[in-house]
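Visitor: Listed here are the chains, written in short residue letters.
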Amino acid sequence: MGKAERTDCKHSYRPDEWLPPIESRSAKRIVVTQAVLESVRIIHRPGTVPAQYDVESHKYIKRRLLSPVDIGMARLERAARAANEASFFAALKLTSWEKRPASDFISGVQLALQAGAHLAARHLSSEGARLYPENIELQKQARILAPARVVARTPTTYPAHRANRDWLKANESEYRDRWVALRDGQLLGTATSSEELLDQVGKNKDVLLTVV
Amino acid sequence: MLLNFTNGSPFATGAVAYRLPQEGSDASRITIGLEIEENLTEAIIDTGAPYVICSPDLAKLINLDPNEILYAKKLLIRGVWIEGNIYRINISLLPDEGVALLMEVPAFIPSPEQEFTEGFLPRSFLGMLGCLESFTFAVDPVTETFYFG
Numbered sequence: 001m002g003k004a005e006r007t008d009c010k011h012s013y014r015p016d017e018w019l020p021p022i023e024s025r026s027a028k029r030i031v032v033t034q035a036v037l038e039s040v041r042i043i044h045r046p047g048t049v050p051a052q053y054d055v056e057s058h059k060y061i062k063r064r065l066l067s068p069v070d071i072g073m074a075r076l077e078r079a080a081r082a083a084n085e086a087s088f089f090a091a092l093k094l095t096s097w098e099k100r101p102a103s104d105f106i107s108g109v110q111l112a113l114q115a116g117a118h119l120a121a122r123h124l125s126s127e128g129a130r131l132y133p134e135n136i137e138l139q140k141q142a143r144i145l146a147p148a149r150v151v152a153r154t155p156t157t158y159p160a161h162r163a164n165r166d167w168l169k170a171n172e173s174e175y176r177d178r179w180v181a182l183r184d185g186q187l188l189g190t191a192t193s194s195e196e197l198l199d200q201v202g203k204n205k206d207v208l209l210t211v212v
Numbered sequence: 001m002l003l004n005f006t007n008g009s010p011f012a013t014g015a016v017a018y019r020l021p022q023e024g025s026d027a028s029r030i031t032i033g034l035e036i037e038e039n040l041t042e043a044i045i046d047t048g049a050p051y052v053i054c055s056p057d058l059a060k061l062i063n064l065d066p067n068e069i070l071y072a073k074k075l076l077i078r079g080v081w082i083e084g085n086i087y088r089i090n091i092s093l094l095p096d097e098g099v100a101l102l103m104e105v106p107a108f109i110p111s112p113e114q115e116f117t118e119g120f121l122p123r124s125f126l127g128m129l130g131c132l133e134s135f136t137f138a139v140d141p142v143t144e145t146f147y148f149g
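Those protein sequences? They're chains A and B, same order as listed. First residue of the first sequence? That's 1 in my numbering, and the numbers climb one at a time after it. First residue of the second sequence? That's 1 in my numbering, and the numbers climb one at a time after it.
Chain B on its own, in the form it takes in the complex (with noise of 0.2 Å):
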C-alpha cells in the first residue's frame, strides 16, 4: 500500500522493501536496489552525501561521455579522500509497488585509477543534494519499506 496525503494525493508512488546488512561497513544502513546507468545494483539511504556517489566497482562498468565531466575534486568518504569526477547520468529506482522513477541526477564518479583497500566503499550511495532532494520519501521500519515519488 503506498501513501497518501489526507486530502488523498499521492505523498509516494513507490514502495520498496529495502535491507539493512548486518555486518562490515554498511552495516545497518538502509540499501536498496536500483539501476545506475542501465547497471543493475544497490544503493544505501544517505541524507548526509551530496549527489549521487559511485561505488569504485561500479565506476569502471558505467562508460560516461568525457566532455560531460565536470571538474577532477576531490570527496571525503569515510575518512578518505577519493579523487573523482561529477557528472549527470541516470538512474531508476524500481519499486516493488506503484511507479519506477527514472531520474536524471548529478553523480561523484571515482576515477578508476585510484586503488583502494579491500571492501572500501563495496555500495554507491544515493545523497540528499542533487538526489533525494528531488522527491518524497519515507521509511517504514517496521515493515522495511522505503517509499519514494
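One chain only, chain A, in its complex shape (with noise of 0.2 Å):
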C-alpha cells in the first residue's frame, strides 16, 4: 500500500507516493482503498476531482484543485444536493461574498432553494440585487422573494364569509371528504372532486370551493 503522511487531519495520503499498479496488488485491497481515498476527498477536500492513474508512467497525476472561491460555491452545491438546510447555512458562513460575480449571487439562491434555505435565499437575492442593480435575473428573484407587501387595507366585511363557514361546521359530519360549492352560505353543488364541482357550478368569484 502506498505510504500515508500523518497531518491533522487522520485521512491523508502524499501525493507523490502513489499506489503501485493494480496487476502486482490484491485487487480487492486496491478497490478498498481507493474507495477509501475518495470517501476522503469528498469529506475532507470539497471542490477537489479525483487523482487520474497514468498507464504509462504508472503514476498517479496530481490532483486538481479548486480556488477557494470555487470551494465555497462546491459546498454550497453539495449541501443543495443533500438538501441539508444545516449544511447550507454552515457552507454559508464559511462562503465570502464580497467581489463575486452576479451568476454567482444567482447560483446561490438556486442552491439555496433546493436546500430548503429559504430565509438564506432571500438575503442572497437581496444582497444580489442590492450589488448589481442592473441585473435583471438578480431584480427579479429579489422581487419574487422579497416579504410580504400591504397592498391595501380597506374596512369591509364579508358577511357572506361568516354564513359559508357556518354552514361548513353546522354540516361537516354529513358531507365529510367531499367538494362543496357555496355561496352566502347556501349549498350550489356538491361532488367528490375540485373537477367534477368545477364543471358542475363553473368558475365565479363569490363562489367558495372547498372541501370539507
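No lab work stands behind these hints, which were simulated from the structure alone. Computed from a predicted model, the values in this text were never measured in an experiment. Possibly wrong hints are sitting among the right ones.
What the hints assert, rightly or not - Under the rule of at most 30 Å between Cα atoms (straight-line distance), these lysine-lysine pairs were calculated in the DSSO-like manner:
#, chain 1, residue 1, chain 2, residue 2
1, B, K60, A, K203
2, A, K203, A, K169
3, B, K74, A, K93
4, B, K60, B, K74
5, B, K60, A, K205
6, A, K140, A, K99
7, A, K169, A, K205
8, B, K60, B, K73
9, B, K60, A, K93
10, B, K60, A, K99
11, A, K169, B, K60
12, B, K73, A, K99
13, A, K93, A, K169
14, B, K73, A, K169
Mind docking these for me? Both chains are given alone in their own frames, and the hints should help you get the complex.
Guide: In C-alpha cells:
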C-alpha cells in the first residue's frame, strides 16, 4: 500500500508516493483503498477532483485543486444536493461573497432554495440585487422572494364569508371529504372532486369551493 | 372586538372566525377563508411552512404570468416531494370584523402536470416566511378567532 503522511487530518496521503499498479496487488485491497481515498477526498477536500492514474508512467497525476472561491460554491452545491439546510447555512458562513459576480449570487439563490434554506435565498437575492442593480435576473429573484407587502387595507366585512363558514361547521359530518360550492351560506353543489364540482357550478368569484 | 396594545394602538385590525376540521389530514388545523388570486378558498395557518403554498386544485384555477416564474424546485410537504414554482401572487384576508388585508406574497405553486393521491393537500397553506411574518397575528382558541393586522 502507498505510504500515508500524518497531518492534522486523520485521512491523508502523500501525493508523491502512489499506489503500485493494480496488476501487482490484490485487486480487492486496491479497490477498498481507492474507495477510502475517494471518501477522504469528498469529505475533507471539497472542491477537488479524483486523481487520474497514468498507465504509462504507473503514477497518479496530481489532483487539481479548485480555487478558494470555487470551494465555497462547491460546499453550497453539496449541501443543496443533500437538501440539508443546516449544512447549507454552515457552508454559507464559510463563503465570502465579496467581489463575487452576479452569476454566483444567482446560483447561490437557486442552491439555497434547493437546500430548503429559504431565508438564505431571500438574503442572497436581496444582497445580489443591491450589488447588481442592472442585473435583471437578480432583481427578479429579489422581487419574488421579498417579504409580503401590504397593498391595501379596506374597511369592509364579508358577511357571506361567515355564512359559508357556519354552513361548513354545521354540515361537516354529513359532507365530510366531499367538495362543496357555497355562496352566502347556500349550497350550490357537491362532488367527490374539485374538477367535478367545477363542471357543476363553473368558476365564480363569489363562490367558495372547498373540501369539507 | 379587535385587539389593541396597552397604549391603545391597534395590534390587530381584522378578525375572522376560523374552523377546525374534525377529521382527515387537516384535522385540528386552523383554517380560514380568504381570496387567493381572486379565488375564494380556504387555507391553513401553518407557521412551520415557508411562503403561501397553493393546493394542487387551486393551482389549476389561477392564471399566472410565466415570465414571473422563479425556479422549478421541490418542496417536501407532508412527506411528499412536490415540484412547483415560486411566484408573486395576491391574497386577501377577509375579516368578519375590521379591515381586510390585500397583500402581495411569494407563493409556491405546484406544477399542474403532477398527479397526487386522492385527498392529498386539499387546502392551501399560509406559511410564516414571506406571509405571516409580515403582519401581527393572534389566535383565540376560546372564540376560535384569528386576528390579523
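Visitor: Are any of the numbered hints broken by this structure? If so, which, sorted upward?
Guide: Violated hints (numbers, rising): 9, 10, 13, 14; every other hint is consistent with the structure.
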